[in-house]
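Colleague: One-letter residues, chain by chain:
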Amino acid sequence: MKKKWVAIRRGSQVFFFALFAGILWSTAYPLRGIIPPAAVFSIDPLLVFFTALSERVVLPGMAAAVCMVLSAVVLGRFFCGWVCPLGSCFDLWAAALRIRRDRLPPRLLNGLRRLKFAGLAVSALLAAAGVQSAWVADPLVIFGRFISLTVIPALTAALDAVLVGLMRYAGWGPLLLDLYRQWQRSFLGVHTVFFSNAAVIFAATAILCATVLAARRFWCRIVCPLGALYAAAAFSARLRRVVAGCTSCGRCARECRMGAIEPDMRYNKGECVLCMDCVYACAAQSTRFMFFGAPPRPVKKKPGKGISRRQFLLGCAALLAAGCRGRQNGRQTPAQRPEFLRPPGVQDERVFLNRCVRCGNCMSVCPTRGLQPLFFEAGLAGLWTPVLVPERGYCEFNCVQCGRVCPTGAIPRLDVADKQSRRIGTAVVNRQTCLAWHDKKECIVCEEHCPVPDKAIKVVWEIVNGVRVAQPVVDAARCIGCGICQTKCPVRPQRAIRVARR
Amino acid sequence: MTQGFGDTPPHRMSRRQFMKWCASGLAFVSLQKNFWAQPADAYGRADSAPARPRKKIRGAYDLVVAKGNDPYRQTVEAVAAMGGIGRFVAKNSVVVIKPNIGWDRTPEQACNTNPQVVAALIDICRQAGAKRVNIFDRTCNDSRRCYTNSGIERIAQKHGAQIFFPNDWNVLTARFPYESGMQGWPIYREALECDTFINVPVAKHHGLTKLTLSMKNLMGVCGGNRGMMHVDIGPKLVDLTDFIGPDLTVIDAYRVLVRHGPQGGSLEDVEEPKTIIVGTDPVLADSYAAQLFGSRPEEIPYLKASRERKFGSVDITAAALHEITV
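Quick mapping for you: the protein sequence lines, in order, are chains A and B. Just so we're aligned, residue 71 is where the first sequence starts under the working numbering, counting upward by one. Just so we're aligned, residue 578 is where the second sequence starts under the working numbering, counting upward by one.
These aren't lab readings, by the way, just hints derived from the structure by calculation. Careful: at least some of the hints might be erroneous.
As the list claims (entries may be wrong) - Listed below are several chain B residues computed to face chain A (Cβ distance under 10 Å; list not exhaustive):
1. A705
2. G706
3. K708
4. T725
5. F742
6. G784
7. N802
8. V808
9. L869
10. G871
11. S872
12. R873
13. E875
Just so you know, even glycine gets a beta-carbon here, dropped at the ideal spot from N, CA and C.
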């Protein structure tokens, strides 16, 4: 094979893309996948360490995350080049659009690449101060949200529409119906409902992918905080790029998607993602990557034009102070409107916002599609966090799946009996629109569906024109706010019973 | 791909030619006789449909009541005492068994039909030579959870029945020859396109109708905004029962929920009359089951409406009743 290592690297990218997407696809009832859905995110050191640091807890994925960092110490930033599915997206787009050179000048790009370290430092200091901001730009959660909340629903909806169309209008019913019903139990699912704000999530990812027009891997070089973390670990990487008789033709530097090769043909280990392009671009065919026998990298210490030590320390202090202040504020005002219902078991809004990495797992696994991503409705801090929207779906009484798939324990892992006693909110009957209270009609659908064994919705009987009418009354002490009453209430456009936090 | 824009190879079709071909092709296809008319038996077109043709099959008795400790055998023996399943199920026919799978509860919680009763019915239908046994219900909780945790999915698959989730696009709208609140209501196609319809409810408490019995169980074949059926539920259920016309009604009163129905959840609310009721008149079967709970027909909206409409019979004293113990 001509470019053996490039082919192997591409194979690895395809494999991990498919693996991650497959795990995300398996994040659905009845959670029978071999790999737990949280695994995608709990191997991510940025998410795991910063969440753990900001909340002062030990998280289950930490050992794996430590291994990931150690592997970067040995191999360098291979994760970015060989594993990261978002990085693969960029490579795919660049290949599809036949982009072989960066549009922006290399000097500008090399100057900007410090930004990602600054971002990582800010995130680390905020975490030390107790505010988790790793979710903002972590590539795995961006990818996870994109796949779980836009791609999978769109693909299933399209597939469903095609199959149903064939059955309804092309006469394939007798042929397909049984197969279709079998598929509904597996990959097709029974819900093909779109998530709210899915268009925004899709557009955001599309914009990210469009940055390949400025430079291939623009994001990885300049923004990605996970890339920065791996870059920091890769500075002392064991695996090194070695060039024997270099002719200084400069082809490798032009070819390099990360701009890791300096004009003087040395290379920056923290930027190299081991894509292996330079091995085959080398005119002298003398570029190799090797573990041992490589001459030590010449130490080059340029007098920095960056900030002074004093400025650096001051900056750190200011960030810490800001972080602490933010945490204080959060503690005083979990400034939430009462209609934002959090998933079952969430107790403290501040802790929840801090722990949630916005990966979308809980929303993708929710069997009723009741959990939906917030946009800016609850401010920046609430971006992409899940809320229960009973108008769309309720919290299934015997279901604890959201806690099972949460990578950071933002939604606690509860057993069924415990979860059934946790309060999400409390239902309130609107007597102005309720069929039983206002129109004196038979209904009581809310009481019928109430899953609390001794019924949190009680019936009072009123005799109207000689007919007994059953009217619902909420027993606030028993109501857990699962919202099934609101989902099933037949009154439209707004249901006559609504759940809110108290 | 270094080719410029100007030099199209001569063998390629020009754009104008291509568009002409497309347009004439489309015109040709759209002028075909059947293009705009949908095929007659297209699935899922919301055609309106009249009521299921009634076969008026009578059993050996009006009601057979089987008591015992084994719901499977009770069901088998009770149907046998009715004159055998052969009266109701013809060879190579399509049978619908409609249990209650409405809730995400286990069989012990008595919210769904006992899977053993369903298993017995599948077995005797298949022995009678049924080509296909369809089982479905529109559930209240998540359908996958209900099908699994009720135990009915596993039983159906094991005993060779087809169990599936009803699809909202695969419905027929009800057409009544008389004034009805159910006029135009979407009914799942399978419920109407079958040779034999066996209704297998579980008897249990219900907040609005006091008891959920066979007539209430038929709500599971309806699509649409089902909550609205609760308005004037009595007459609507009579119309629905008239429309579906179940050939055989098997009421599972082996375990029953006596309080906090239809969702239940607590084993304290479950009692065990250990009774299976088989009848051909759903009203009569329901009246008998109501009496097990100590309720009179006039307390139950749909039985009251049945009596006012003279639909079926609520008078169990006049019925030919046969009791067996298994």
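Colleague: State for each hint whether it applies.
Modeller: Comparing the hints with the structure gives:
no.: 1; hint: A705; in the structure: violated, 22 Å
no.: 2; hint: G706; in the structure: violated, 20 Å
no.: 3; hint: K708; in the structure: violated, 13 Å
no.: 4; hint: T725; in the structure: holds, 7 Å
no.: 5; hint: F742; in the structure: holds, 6 Å
no.: 6; hint: G784; in the structure: holds, 5 Å
no.: 7; hint: N802; in the structure: holds, 5 Å
no.: 8; hint: V808; in the structure: holds, 5 Å
no.: 9; hint: L869; in the structure: violated, 21 Å
no.: 10; hint: G871; in the structure: violated, 19 Å
no.: 11; hint: S872; in the structure: violated, 15 Å
no.: 12; hint: R873; in the structure: violated, 15 Å
no.: 13; hint: E875; in the structure: violated, 12 Å
In summary, the numbered hints that this structure violates are 1, 2, 3, 9, 10, 11, 12, 13.
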